[in-house]
Amino acid sequence: MKSNEQSPVDEYFRQHEAEIPVTFDDRHWSQLAAMLDAAETPGTPGGMVQESAPRKTRFRGGKGWWAPGIWILAVITAFWLIWQTAGSSAAENGGSRYPASEAPSDFQSVAPKAEKELPKPVTGKVAEPANGLMPEQDVALPAISAPGAQKQESELTGSGELARPAVADSIVTRNLPAVPGDSAVQETKPVKKTKKHLFW
Amino acid sequence: MLSVPEDILEGCRRKERAAQEQLYRLCYEPYLRLCLRYAGNRSDAADILNKAFFNILTRIDQYRGDGNFAGWMKRIVVNAAVDYVRSNSRFRYHEPVENAGEVPGQSLPDQELVRHDLLQMLQQLPFTTASVFNLFAMEGYSHREIGEMLGITEGNSKWHLHYARQILQQQLKIAAAL
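Just so you know, the sequences run in chain order A and B. All the letters of the first sequence, read from the start, carry residue numbers 51 to 250 under the working numbering. All the letters of the second sequence, read from the start, carry residue numbers 363 to 540 under the working numbering.
Excised from the complex, chain A in its bound form (with noise of 0.2 Å):
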């Protein structure tokens, strides 16, 4: 325990510590006191010394566990909401994976689904409108058109223009002007989509 280091410094302390002058208050002994009878007295909060304190923040059996699990349940609860918001929406634009916002610009080449219906080429007539509502509508040409088909829908759109030649192993979409005397198709306006909530 003791090193070998001395010094004279420590033995003059050590030698002289003994007469610091101290003298006896009894304060002292009546504060050492009280807490002692309150340690002793049971009910009361006890001495200065506690062997060990409770944790404040620990789980008391099971009670302690229902706010992490109804955070759980918000959590999934939420995931299920978008992911069955996000259905819906899909549904109502077509199947679609784009909303209508967002959907793809003339002659950008989509690959359609395979169960998906492929659009009706045009042979000798405008095709009606899928939803009968839009004036401007893309429609799709199939990949390989039937010979004469560009002439015919020239004819019949009456623009004049003259329809882009069908690209092999691709599907274009354009534009087509309505036809003057289809009053249905003039008659009709755009609908406008409402934004849907998530939650209410």
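Bear in mind the hints are in silico, worked out from the structure with no lab data behind them. If a hint is listed, it holds; no wrong ones were tucked in.
Pair by pair, the computed Cβ-Cβ distance ranges are: (1) A83(A) / Q485(B): 26 to 34 Å; (2) Q81(A) / E368(B): 26 to 34 Å; (3) R506(B) / A124(A): 52 to 60 Å.
Some chain B residues flagged as far from chain A (calculated, every beta-carbon gap over 10 Å): (4) S365; (5) D369; (6) E372; (7) R375; (8) N403; (9) N430; (10) S449; (11) F489; (12) E510; (13) M511.
Covered by chain B, according to a simulated footprint, are these stretches of chain A (three or more residues, beta-carbon under 8 Å): (14) 61-71; (15) 74-85.
Idealized CB from N, CA, C, for every residue including glycine.
Assemble the complex: chain A is given as a structure, and chain B must be docked to it using the hints.
Relative to chain A, chain B alone:
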């Protein structure tokens, strides 16, 4: 060395308040002096002493009688003082001096100093420095033990001891010259 009569010890084991007071009065002076060396003032020293005696009197059953009872009590008082030092210490970083040598040329004054000045000299030392000096020079702990008690390195403890000796020697010279 302090000696505790057997009847007082037995009375304290039976939680008799009179025996406890007798033990407190018997040990008050030496242990309050010890506490004064660590504390900055008399009030703090009394707090340390009372905490230590609370532990002594409430855990006296843990003393099995295989050693010196005064030594057992002193260890508890020193531990309480170290707790005080740790909770009040303002540890500052010091470059540890390895192999801190002894202070050379020591010629201590022969004349009697006022004993109260000794306490003042100790209390004017930096907090940790005074604690290291007390633990090493007065209580007899090694640097390794002091490092573990105060949470400092062994080299740092040596530096504090060297620094304390330097300052105390200068103060003793000044006091002798007066």
